[in-house]
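Protein chains in written order, with my numbering: chain A, 7 to 489; chain B, 7 to 489; chain C, 7 to 489; chain D, 7 to 489.
Worth double-checking, as some hints may not be accurate.
Identical copies look the same in the list; a pair holds intra-copy or inter-copy alike.
[As the list claims (entries may be wrong)] Okay, derived cross-link-like pairs now, DMTMM-like style, lysine to aspartate or glutamate, Cα gap no bigger than 25 angstroms in a straight line: (1) Lys138 / Asp467; (2) Lys375 / Asp328; (3) Lys472 / Glu245; (4) Lys19 / Asp147; (5) Lys18 / Glu405.
Keep in mind the hints are simulated off the structure, nothing from the lab.
There are 4 protein chains.
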Amino acid sequence: MRTFQEYQEKLKKMRKNVYIDGRLVGRDDPRLLGGQNVMGITFQAALSEDSQMRELATAVSHLTGNTINRFTHIYQTPEDLLKKQQMIRELGHIAGGCIQRCMGCDAINALYVTTYEIDCKYGTDYHQRLKKYLAWYQDNDLVGNAGQTDVKGDRSKRPSQQEDPDLYMHIVERREDGIVVSGCKAHNTTAPYADEILVLPTRAMKDSDADWAVAFAIPADAEGVYLISRPVSPNPRRELEAPYNSYGICDTMTVLDHVFVPNERVFMCGEADFGGRLALSFANNHRFSYCGCKPAITDVFIGATALVAEYNGVPKAPHIQDDLAQLEATAELVYAAGIAASATARTTPSGAREPNFLYTNCGRYHAGKNIMHEYDILISTTGGMAATLPFEGDWLNPETRGYLEKYIMRSPRISPENQHRLFRFIDDFTVSAWCGMEQAAGIHGGGSPIMEKIGIRTNYDVEGKKRIVKWLAGIDDSKNPQG
Amino acid sequence: MRTFQEYQEKLKKMRKNVYIDGRLVGRDDPRLLGGQNVMGITFQAALSEDSQMRELATAVSHLTGNTINRFTHIYQTPEDLLKKQQMIRELGHIAGGCIQRCMGCDAINALYVTTYEIDCKYGTDYHQRLKKYLAWYQDNDLVGNAGQTDVKGDRSKRPSQQEDPDLYMHIVERREDGIVVSGCKAHNTTAPYADEILVLPTRAMKDSDADWAVAFAIPADAEGVYLISRPVSPNPRRELEAPYNSYGICDTMTVLDHVFVPNERVFMCGEADFGGRLALSFANNHRFSYCGCKPAITDVFIGATALVAEYNGVPKAPHIQDDLAQLEATAELVYAAGIAASATARTTPSGAREPNFLYTNCGRYHAGKNIMHEYDILISTTGGMAATLPFEGDWLNPETRGYLEKYIMRSPRISPENQHRLFRFIDDFTVSAWCGMEQAAGIHGGGSPIMEKIGIRTNYDVEGKKRIVKWLAGIDDSKNPQG
Amino acid sequence: MRTFQEYQEKLKKMRKNVYIDGRLVGRDDPRLLGGQNVMGITFQAALSEDSQMRELATAVSHLTGNTINRFTHIYQTPEDLLKKQQMIRELGHIAGGCIQRCMGCDAINALYVTTYEIDCKYGTDYHQRLKKYLAWYQDNDLVGNAGQTDVKGDRSKRPSQQEDPDLYMHIVERREDGIVVSGCKAHNTTAPYADEILVLPTRAMKDSDADWAVAFAIPADAEGVYLISRPVSPNPRRELEAPYNSYGICDTMTVLDHVFVPNERVFMCGEADFGGRLALSFANNHRFSYCGCKPAITDVFIGATALVAEYNGVPKAPHIQDDLAQLEATAELVYAAGIAASATARTTPSGAREPNFLYTNCGRYHAGKNIMHEYDILISTTGGMAATLPFEGDWLNPETRGYLEKYIMRSPRISPENQHRLFRFIDDFTVSAWCGMEQAAGIHGGGSPIMEKIGIRTNYDVEGKKRIVKWLAGIDDSKNPQG
Amino acid sequence: MRTFQEYQEKLKKMRKNVYIDGRLVGRDDPRLLGGQNVMGITFQAALSEDSQMRELATAVSHLTGNTINRFTHIYQTPEDLLKKQQMIRELGHIAGGCIQRCMGCDAINALYVTTYEIDCKYGTDYHQRLKKYLAWYQDNDLVGNAGQTDVKGDRSKRPSQQEDPDLYMHIVERREDGIVVSGCKAHNTTAPYADEILVLPTRAMKDSDADWAVAFAIPADAEGVYLISRPVSPNPRRELEAPYNSYGICDTMTVLDHVFVPNERVFMCGEADFGGRLALSFANNHRFSYCGCKPAITDVFIGATALVAEYNGVPKAPHIQDDLAQLEATAELVYAAGIAASATARTTPSGAREPNFLYTNCGRYHAGKNIMHEYDILISTTGGMAATLPFEGDWLNPETRGYLEKYIMRSPRISPENQHRLFRFIDDFTVSAWCGMEQAAGIHGGGSPIMEKIGIRTNYDVEGKKRIVKWLAGIDDSKNPQG
């Protein structure tokens with residue numbers, strides 16, 4: 007397993023293909039360090055001196071028997087799923103939010119299960135290719151980015167019907183030694199500080215969409231790859247440094263312009279009828295991850311709400327106690343859905359475990375449904391001060407510092423600096439571009455609530471429930487008019 | 007195990023102590039048959055020809071090794087908990103609601119765990135007594151009623167502070183061979199068709215409340231027991247019979263007026279510090295039951311909503327599809343909480359398993375929070391017809407029958423009788439005293455949402471969440487003023 | 007103006023055409039008295055000794071200059087609208103719910119406005135006919151029932167497309183002196199104790215539906231009229247009589263089987279393009295009425311919730327205070343919408359005022375959206391006792407009375423009888439067929455929330471709002487591709 | 007009336023007392039121009055060539071008979087209130103949010119009404135002083151900032167109990183010619199670009215708090231005033247300029263350090279019993295303003311949601327239509343509450359009108375309750391693109407511009423620039439520090455929902471509602487135990 011330093015050294019050596027706000031930049035651009043620092047948590051956890059943390063963050067590869075970072079592991083048992091979920095929640099506490107390395111983990115698990123099924127039907131050898139690739143991926147402790155969401159152009163048309171074929175990622179050319187692909191993956195989190203990009207289809211396909219049914223892995227700096235990036239971080243600090251402000255995240259429009267992918271990195275190539283399976287498998291795994299990370303974020307809401315209530319001198323106010331209970335119920339219902347998805351996980355033909363789709367969708371749905379209410383609670387409890395707090399400079403300016411420290415006083419038990427630090431944190435958490443990104447991620451990341459409602463109802467046994475009612479009501483279908 | 011017939015024969019032989027609307031009645035009063043019919047489902051399931059059903063509804067006693075009805079079993083494994091939950095949901099489909107036999111099951115499990123802990127502290131022998139009692143209870147396949155909720159009198163006072171000591175069940179006299187108790191348990195479901203009444207304390211006690219810290223079992227027709235009963239059923243039918251209309255339920259004010267309880271049936275007697283433990287243990291088990299039965303009821307909502315939409319000719323209306331997805335998510339989140347409570351169940355010192363209190367509370371909370379919205383969905387989808395449907399007599403009257411059948415027509419594929427039957431069922435389900443009882447039960451049964459919010463927040467690690475935020479924000483408590 | 011007695015005497019003389027549960031009954035059937043008692047409130051108010059009440063409940067006819075019951079008045083000013091709204095709320099307090107006489111009032115106002123517009127376009131004389139009819143209606147202080155909702159058969163088909171033409175009320179024959187009509191109006195409240203039935207179309211029509219575009223008035227006992235009725239009341243009392251238990255309501259399927267309507271009572275006859283106008287005009291007036299009556303019902307929720315909290319000894323519990331504030335906000339927002347609808351009422355070409363459609367819909371929408379939550383609050387605050395309260399007979403039975411009075415005690419300041427009376431009232435209010443009817447009415451009466459959402463969005467200036475955003479964002483439509 | 011230019015010229019001449027992020031800056035600092043541009047809308051409207059706009063934005067002074075800006079007017083009639091509300095909504099459309107000049111308007115109306123009442127009780131001459139001041143204020147078309155919210159220190163203590171007396175604004179010294187005051191007003195919007203600061207108490211006072219019961223006006227650059235400021239704007243643009251991006255807002259901690267106020271500018275000075283009256287009167291007026299401005303903001307949500315749905319090619323998606331109807335109902339219910347507050351406005355002893363406190367609170371409550379849900383709707387409909395959109399620089403960079411324009415394509419009818427502009431706008435509106443400020447303002451501005459719930463319930467006639475229920479239930483208080 008790698009150290010954080012080794013991870014960053016490798017990033018520095020990669021080909022320059024990251025664009026930010028009009029400029030081509032290196033992977034050591036300061037705006038990209040926040041995301042790397044979050045990734046660092048996953049490397050440090052696996053090498054932690056704390057044995058409980060180490061056990062949580064590592065696993066034994068079923069391919070090689072080596073100890074590997076759990077984020078590179080394929081689920082073999084319900085316990086693997088439970089530990090993944092727990093790991094995300096605990097590392098999420100350190101990050102104060104998304105741990106960012108799930109995407110790769112969710113992608114390799116989806117590929118693992120689906121390539122096996124494609125091979126069964128078509129006699130292809132994607133699964134063997136993938137296992138070989140995975141052994142290397144695990145041994146090198148890589149960070150994988152998942153490129154799933156196509157830009158999709160005209161939403162009323164299928165991939166093959168679009169005027170511009172590139173609006174969904176597709177095979178431009180099939181060569182003996184590989185394929186050439188073009189397209190653009192949007193909302194693509196972590197690409198500028200990932201080692202590998204794992205490309206998956208975004209939806210179900212029909213036969214006519216075969217050229218768009220493609221999955222593969224490429225190095226993030228491969229020729230033809232353009233990472234047009236939007237990094238975001240909590241507000242930078244001048245003197246009042248804090249762990250939260252060392253983090254960041256980055257989304258990209260990941261453009262692939264005639265990128266060559268050698269055969270050994272191609273994991274689906276034209277099997278249109280498996281497009282939906284692979285897309286949903288990734289969605290399922292990713293929604294499962296949300297059952298771990300969203301509770302971690304709600305934990306931050308709980309802690310911040312309780313702390314600001316305490317600092318404001320109203321820790322026992324009944325409406326705040328009630329709000330806290332609501333937050334707690336939200337966190338734990340989502341987490342319970344993940345436990346249920348693990349406990350009832352299916353063993354797939356590949357041998358790997360797949361979390362229960364119904365419960366992962368219920369968990370992610372509940373999280374997405376409640377996220378804005380969680381902000382409402384924290385903002386309501388905080389009062390206006392996080393939003394109207396003078397900038398850090400005024401706290402450092404001797405002319406105004408005295409006034410600010412004098413007038414920030416609420417509880418005599420809290421120092422002005424700690425009082426200031428808490429409001430500053432809540433300012434970052436609720437009154438910043440970073441917060442806007444978090445809200446959008448809370449609603450859309452891994453699929454927005456309407457997608458989960460579709461997921462839930464699509465496979466739900468409504469006919470069985472109708473039969474219950476027909477029985478209770480004494481309704482006999484044979485008495486209906488025939489024809 | 008008993009047959010349904012044997013169960014009813016025994017009821018008939020019991021001492022007459024049931025009062026309904028001003029009269030002393032036998033246990034074969036027609037108004038009590040609905041509840042017995044629901045109990046019947048549990049006897050039939052255990053003797054079912056369907057081996058899956060039989061396996062679900064029975065267990066092997068850890069006390070005797072005999073095959074017993076699962077409702078008399080003590081949880082030994084997480085699988086026991088999962089099966090209990092699944093059994094409730096499946097039998098709930100047959101009953102179209104509460105299966106009613108959980109209360110006894112939840113009471114014996116709470117007593118099993120708590121008596122062991124009392125004995126450990128006080129050197130008493132309640133646990134041995136209970137095991138002996140339980141072996142007999144299991145072998146005779148008994149139906150236990152749980153009497154927990156005291157009438158409580160002045161809510162601002164503790165048991166021992168009440169003007170009238172009987173406002174909480176208490177020990178009136180301690181004899182060599184047993185105790186004499188008085189009091190009244192309210193909202194007591196199933197007592198008039200139960201074999202045994204299992205009495206538990208309703209709350210935490212202080213030392214001064216020792217005489218009120220009492221738990222025991224008595225036959226439901228013991229001397230001094232008065233069951234003042236309120237039975238309720240769906241509206242009776244004249245010709246349009248249906249399974250749903252054969253059911254019913256009954257609550258009582260269960261008055262114990264100087265009832266003697268022999269020592270071998272006393273399971274707590276003055277150990278005030280275990281009052282809360284036993285009360286909460288029952289609540290925990292009962293909330294766990296809700297994680298199985300509430301999804302069963304939501305399944306009826308799903309089936310009824312989908313069926314009436316189909317009969318109304320709008321099965322694909324988007325707002326109805328959306329409502330169905332909401333119902334499905336509610337059912338499955340509550341069920342997931344039960345699975346999580348099972349999967350993370352604690353092994354108690356007694357050896358029995360106890361579902362995870364946090365998740366049982368989250369599940370019951372979510373159910374209670376949503377129940378009225380579920381009615382809203384079904385009533386909204388149905389339209390007004392269930393509420394304004396002429397009475398059955400008008401369908402049977404030749405003068406009006408033609409008009410009613412002509413004008414009930416909605417979908418040409420549905421016969422007038424089936425159309426009528428569905429509205430009649432929804433009439434029973436949403437426009438009846440029965441419905442009012444179900445709504446109250448949906449909100450209060452097993453503890454109302456505010457009780458679960460208290461349950462959730464009481465033991466929640468809020469301090470741990472504050473620490474997360476302090477760390478993220480760089481807050482150092484040592485910088486606060488001392489003192 | 008009539009006395010209540012005169013109203014009832016006239017009812018007794020009407021032709022027997024009311025069916026209840028399989029029997030043809032007279033209008034003095036006890037099950038119909040509850041509804042008449044509610045109507046009685048409107049007669050008594052107009053003749054009240056309290057001058058404020060009298061002023062509220064009467065108006066001066068713009069047709070005759072006579073003092074008339076306000077329920078027979080045509081709105082001439084915003085004040086007329088405000089007084090109508092206030093009258094409904096105040097009389098609703100006496101009735102504990104729906105005052106029931108609005109329907110006729112809303113129907114005559116809709117007819118007044120629409121007949122004028124039909125005449126303007128088609129040169130017909132419906133408006134003069136109606137004015138003549140109205141003068142008679144006002145002078146005789148009549149109770150009008152509005153028959154609007156057709157049974158509608160196959161919802162995917164228009165009136166003229168139905169297999170059975172009677173599924174919407176229609177003209178069967180046009181004679182020199184009048185028309186013959188057939189059909190059935192469903193969910194028809196008050197018909198068995200109304201003097202007149204005012205029939206209105208239920209929806210917009212196309213030219214091919216001309217025979218279904220018909221409006222007229224007939225005596226409620228006209229030949230060919232069958233009132234298949236479903237009366238409902240709070241539970242009857244033996245000794246514990248209370249005003250609430252003297253009330254009731256009744257819905258009918260109102261069948262018209264070849265009923266002759268003389269020309270002077272026909273107010274629309276084939277003008278298909280005005281079908282929607284008249285239907286929506288009635289809906290608008292009726293939703294306006296809800297802005298008065300729903301706050302009255304919420305007032306009962308507020309009073310009952312506050313009183314039961316007081317009787318339970320927790321009047322100051324913060325979560326109950328919060329719930330009360332929610333109820334209050336609901337009542338007053340709905341009422342405010344009615345005030346806004348009055349204050350911005352349009353003067354129609356007929357000279358009469360029409361409440362603002364946007365605000366009546368918003369008000370009714372908000373009421374319908376919240377009604378089940380209001381029940382949730384009251385049931386939650388009450389606890390289970392209203393649902394498990396032994397029947398009245400057990401309170402009268404000397405064997406059990408002592409136990410019940412002893413154990414009902416909660417607050418030492420409240421007598422057992424008053425404590426019992428309050429629970430008995432909440433039992434009627436929340437655990438009865440009457441409650442089920444009220445819930446359905448709360449959701450569907452005057453149009454369910456989805457109908458109001460359609461009403462709101464249909465005429466909303468969304469394009470204007472888009473222009474605001476285009477301007478703010480600097481979007482220039484001329485830069486879009488042409489064609 | 008002044009031109010926008012005259013307003014800005016005066017600002018430039020003011021004494022430098024504005025601090026931003028550590029530096030003392032002039033009022034022409036670019037970060038303060040956004041707020042001034044919003045104020046500009048109010049000057050331009052009053053001088054508009056559009057006579058309707060002009061009429062809306064001006065009024066005739068009841069003091070001088072001069073035509074004045076409506077923001078400086080004292081309400082004389084319900085129409086004045088309705089026009090104020092309408093003006094705020096329409097100007098809010100131009101600003102895309104808060105029009106910012108209400109605060110001064112709300113403060114002078116509160117002072118007008120309250121000073122009259124103080125004088126009546128104490129024989130003081132505050133009202134005459136104020137009228138003189140107001141005539142000057144109107145004639146000079148001034149912008150007033152309202153300084154109400156004190157920093158409040160320890161929330162469990164009253165003003166006079168605080169360790170540091172400055173934690174509430176108070177009188178430090180009383181001189182013959184005026185008073186000297188110290189303290190700090192927080193969350194103080196617009197102060198750095200206002201002419202005057204109008205200081206009001208923040209809460210009810212007791213006699214011991216008399217020195218804290220103080221109201222007065224000072225120039226915003228008076229000696230001893232320090233404006234420690236936090237300006238915020240939508241993200242600046244390089245080339246894609248848009249009206250929305252020219253705006254901004256600014257909050258300050260407004261420190262008054264021994265500021266002298268001459269007698270003619272002192273409007274309350276020690277009359278502790280009127281502290282609450284003045285505080286609530288301002289709150290009432292300000293909540294009334296929200297009944298106009300919040301609908302304006304919801305209008306932007308409606309327009310943005312509808313437009314992005316159209317651009318995304320799903321304008322008719324049922325769930326979006328439903329969401330739009332929800333937004334529309336929210337906007338119009340809040341607006342209706344304002345109309346109701348105007349239509350039922352009270353004439354105060356001073357002769358001025360005061361909006362109905364109950365309805366202003368209901369309106370503001372409903373707005374605050376729904377604000378986060380409105381964001382949820384817009385973010386959900388937009389999808390992730392507003393949050394992950396590459397920065398403007400990448401659209402200007404020729405290397406990446408082609409990719410971005412190619413891949414932004416959704417509807418073939420929309421140009422890439424317009425598509426980009428809309429996402430850019432929604433980025434500003436939902437993913438920015440500006441958005442965080444708007445969310446906090448949506449919840450807290452004018453009082454958070456819990457404050458309005460307190461406002462509603464404090465004066466609500468709950469006893470009257472209890473009496474309704476007692477009557478309906480036949481409860482006779484005289485039967486309760488006496489004593």
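Hints, one by one, checked against the model:
For the homomeric pair Lys138 and Asp467, neither the shortest alpha-carbon distance inside one copy (39 angstroms) nor that between copies (44 angstroms) is at most 25 angstroms. For the homomeric pair Lys375 and Asp328, the shortest alpha-carbon distances inside one copy (19 angstroms) and between copies (13 angstroms) are both at most 25 angstroms. In the homo-oligomer, the alpha carbons of Lys472 and Glu245 lie at most 25 angstroms apart only across protomers (23 angstroms), although the nearest pairing inside one protomer, at 64 angstroms, exceeds that limit. Within a single copy, Lys19 and Asp147 get their C-alpha atoms as close as 17 angstroms, which meets the 25 angstroms cut-off; across copies the closest is 63 angstroms, which misses it.
In this assembly of identical chains, Lys18 and Glu405 lie within 25 angstroms of each other by CA distance solely across copies; the values are 22 angstroms between and 43 angstroms within a copy.
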